[in-house]
Amino acid sequence: MNAIIFSAIWGVLMMFSGIFIKTKAVIRNLAITGAAILLLLNIAELSYHFILFHVNTRGMLVFDSFGLLFNTIAFAAALIYLLASARDIEDVGVNQADYLALIFFVLCGVSIASSFNTLLMLFLSIEIISIPLYILTGSDKRNLKSNEASLKYFLMGSFSTGIMLMGIALIYGATGSFALGNMSRQIIGFEPVLMAGLLLLLISMSFKVSAAPFHFWTPDVYDGAPTVFTSFMATIVKAAIFIAFVRLFDAAYGQALPKWRLTIAFIVAATLFIGNITAVFQQSVKRMLAYSSIAQAGFMFFALFGYNEYSKDGIILYSAAYSLATIGIFAILIKMKDYTFDGYNGLAKQQPLLAAVNTIFLLSLAGIPATAGFFAKYYMLVAAVRNGTYLWLVIFAVLCAAVSAYYYFRVIQAMYFKDGDGQVKEASPAFKTILVIVAGLIIILGLFPQLLTVHLYF
Amino acid sequence: MFAVKNQNSAKGIALFISLGVLVVSLLGLTVMNNHANLNYNAPWISILNCNFHIGLDGMGQLICLLTAVCFPLIFISTWNNTYKGANRFYALMLLSQAGLMGVFLAMDALLFYFFWELALIPVYFLSSIWGGEKRIAATFKFFIYTFVGSLIMLVGIIYVYFQANQSFDLQTWYSLKILPEKQTWLFWLFFIAFAIKMPIWPFHTWQPDVYEQSPTAVTMVLSGIMVKMGVFAVIRWLAPIVPDGFYLWGDTISLLCLIGMIYASLIAIKQDDLKRLIAYSSIAHVGLMCLAIFASNKSGIQGVMLQMFNHGINIIGLWIVANAIETKYGTRKLSELGGLAQKDAGLAILLVIIALANIALPLTNGFVGEFMMYNGVFSSAVTKYGVLDMSVAGICIILSAVYTLNMIKKIFYGHSNALTQSGTPTSVPVLVCLSVIVALIFITGVYPKPMLQLTNDSVDAILKYIKTSI
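Line by line, the protein sequences are chains A and B.
For the record, in the first sequence the residue sitting at position 34 is 34 according to this note's numbering, with numbers rising by one throughout.
The number in this note's numbering is simply the position in the second sequence, starting from 1, with 458 added.
Think of the hints as simulated: they come from the structure by calculation, not from any bench.
Even for Gly, the Cβ is constructed at its ideal location relative to N, Cα and C.
A few of these clues could be false.
As the list claims (entries may be wrong) - Partial list, derived from the structure: chain B residues whose beta carbon lies under 10 Å from chain A:
#: 1; residue: TRP502
#: 2; residue: THR597
#: 3; residue: PHE601
#: 4; residue: PHE605
#: 5; residue: ILE610
Just need the whole structure built from these sequences, with the hints factored in.
Following this line, the structure appears as C-alpha cells:
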C-alpha cells in the first residue's frame, strides 16, 4: 500500500516541481530522492509490516510477500535507472519534470500490477502503466521515428486493451464476479464463455509482454522511443506485467493448466524462436536488445508454463537479473555515439571499466554461471522440467539460449577483440560507480540467489 | 592479479601461485592422504539442496596432479613469449586453472556444471584476445559448440535432479536406478556435452582451428587438460549414473571413436602445419581413450586413467617444442623447416623421446597406458566386436608412427635451408621443462604402479555401478 500511494503523490509533486523549480539538477535529485524513499517504504512494508497509509481495499488488492518483493526489485531497479540515466532524460526534451512524473505514475501502476486481486484492478494497473508509456515513447517530438513509434504503440496498445476488456466482460458474464478467487472455483467445468474470456485475456496479456505471435509492435516501438525510455520499458515495465501475468495465472489458469499447456507451449516456442533468430540478424545494438527482450520474455514464460513451486522464485530472480543487466547495458548504450555493433569496436581500450561491466551484463543475459542470469534461467528450466513432460520444449529453449549467446557475444567481441575507436560521450565517475555496483549485485545474486528468494518465504 | 601492471612481476606471481598449487596437490597426495582432509562440504543454496561439496578421490588426485604439474610447465616454457597486457593474460590463465580444478573436484552436480562453464570463459577470452589472425571466428565457434553442449547437459542434470528426489549429490546419483528407457535418451543429453569437449568425431570440427589460432600457452591448457575434462566427466558423471544407456550406446560410440581415430590420423599425415598436426593427433588419442572407457572393464578404465596423465604430459611436451620452433623461426610449416638437429641437438633428442612416447613405444609412459587400453578393448565383455575394435584401433598406432616420425624427419633431419641455418640452441627454461617431461615419461613408463594404485579404488567403485558384461 505504501508504494501505490506514495508513488502517486510523488508523481504529482514531480509534475508541479517543473513549474516552481528551474534548476535541472534539483528536479533530478528530487526524483532520485523519491525513488529512494519509495524503495525504503516498500522494504519497510515487506520486512517490518510498517504501513504508512491504511486503506480498506475490500479485498481488491492483496499485499503478499511475492508482490512486495517484486516491488522492491522494481523500485531498486528504478532507483538505479534514475541514478545512471537521469541526466540523459534531460537531453530528450524540455519537459524534464513531466517525464519524471510519468515515470512515477508508471511505478504506481507497477505496484498495483503486483498486488491486484480482481480483474478490475488488473485492467486499471495495465492502463496506468500503458498511458504514460505512450507519452514517453513519443517524447522526442521532433523525431519522426519517435512519433511513429508512439502512434503505433498507442494503436496496438488500445487494441489489446480492448481485447482485454472483452475478455474480462466475458469472464464476468460467466462467473458473475471480478474477483480472482471466484474464477478458480468456477473454472473446473468447461464453460465456453469463460474459456473464450480467458483466451482473450491470455492474448491481450501476451501482447503486453510482447510474446510471439503478438510481438510485432515491440521492435519498432523500442527502437523508435528515446533510448532512456526504452530502457525503462524493456525492463521494469515488462517485468511488472509478467508479475501481473503470474498472479493472474495463479488464480485463473492454474487449476486447469493441463488444458492450457499446449497453447502456452506454442507461445513459448514461437517467442523464443522469433526473438532469438531475428536478434541474430540485427545490426543495431538497440534493435538487438529489443529482440532480445522478446527472447527473454519467452524464457520468463516458462514460469507460467510449468506452474509449480519453482515458478515464483524463478520469476522474481529472472526479473531482478534481467532488469539489472538490461538497465546496465542500456545505460552504456545511451552513452555510445554509434548504436551499431561496430560502434562498440575497441571500447575495451578506450573505457576498460565500462567494457568490463558491460561484459558482465551481457554474460548475465546469456546465462553464464556466476552471474544472476544463470540462476534465473536455471529456475525456469527447473520449473519446466519439474512437470516431467514437454522435455522437447526445454531442449528447444536451451538451444535458443545458445543462439542468444551468439548475439550477446558479438558485442563482447566488438569491445575486446576488434580494433576501432568506440566512442562514448562523457562518463562521470559517479556513473561508473553505479554500474560497478550493479555488476557487483549481479555477481552476488549469481553466487547466492537465495539472498533474494528467501524473502518470499519469511 | 589484474592489478599487477609489470609484465615480469605478473609472470613471476603466476608461476609462484601455480607452483604453490603443485605443492598443495603433492601434499594432498602424501601427507594428508585421508578422507577427512580431502573433503569439504558446506551448504551453498539450501533451497535447491545444493552443496558446495568438493572432494578428492584417487582419479581426482591424479588429474589434479596433472593440472598442477602442467601449469608451472606452461608458464616456464612460455617465459619468453610476451603478451600485451600480461597481467590480464596470467590472471585469466590462473582463473582457468581454478575452473579446471573445480571440475575435477566437484562432488555436486550443480557445482560441477558451474565450474564446467567457468573453465570455458577465461579460455575463450584468452584465445580471442591473444590468438592468431582468424582467432575470433575460431574461438567463437568453439564457444558456441561447448555452450550448446553444456546447456543440453544442464537439462540432463535437472532431470536427474528430480529423479534423485531433488538432490545433486554424486553418491545419491550413483545409487539411483533410472528406468532403462529413460536412460537411452538421458545418456545423449550428457554425452553430447562431453563429446564436444573431448572431442569425438563428428563433434570435433572446432578443435584444429582453435588449437591453431590460440596462443600456444592456451593451446597447452586446452589440449593437455581441458580435453581431459570430457574423458573424466564420462567416467565420473556419465557411466555410473546411466549405466544402461552407457551399455546400450556403447557400440555406437565405439564406432564414432574408431571413425574419428582413423580420420584424424589420416589427416594428421597430410598436415603441413605443426600445430594442426598435433591437434589431429590429439583427436586420435582421445578417441582411443573414449573407446577404452566404453570397454567397461578394469584394464580399459585404468589404462584411460594412466593415459589421461600421460597424454597431458606428452602433448604439452610437443606444444613446447612447437612453441620454441615457432618463436625462433617464425613458421610452423613443416615444409619450411629441416636440418634442425645439427643446430639444436638438445631439442632434437628430447623431442624424439616425447614423440616416441606419443606413439607408445615400450619403456615410455604411452606404452603402458595404451597397452592397458588395448587390452581392455580386446577383452571387453560388453561388446561382441572387441577384436574388431582392437584391430582397427591398432592401425592407428601405425598411422601415428607415420605422422610423428614424419614430423621429426621434416623438422630435424634432411637439409637445412636458409631459415634454419641461423638456428641456435634452445633456451634453458624450455630445455628444463622438456627434461622434466622426459623424466616423467620414463618414470611412469618403467614404474607406473603408484599411479595405478592411486586410481585403483575409484575405478573399482565405478565398475560396481556399470554393466561389465552382456
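Need the list of violated hint numbers for this structure, in ascending order.
none
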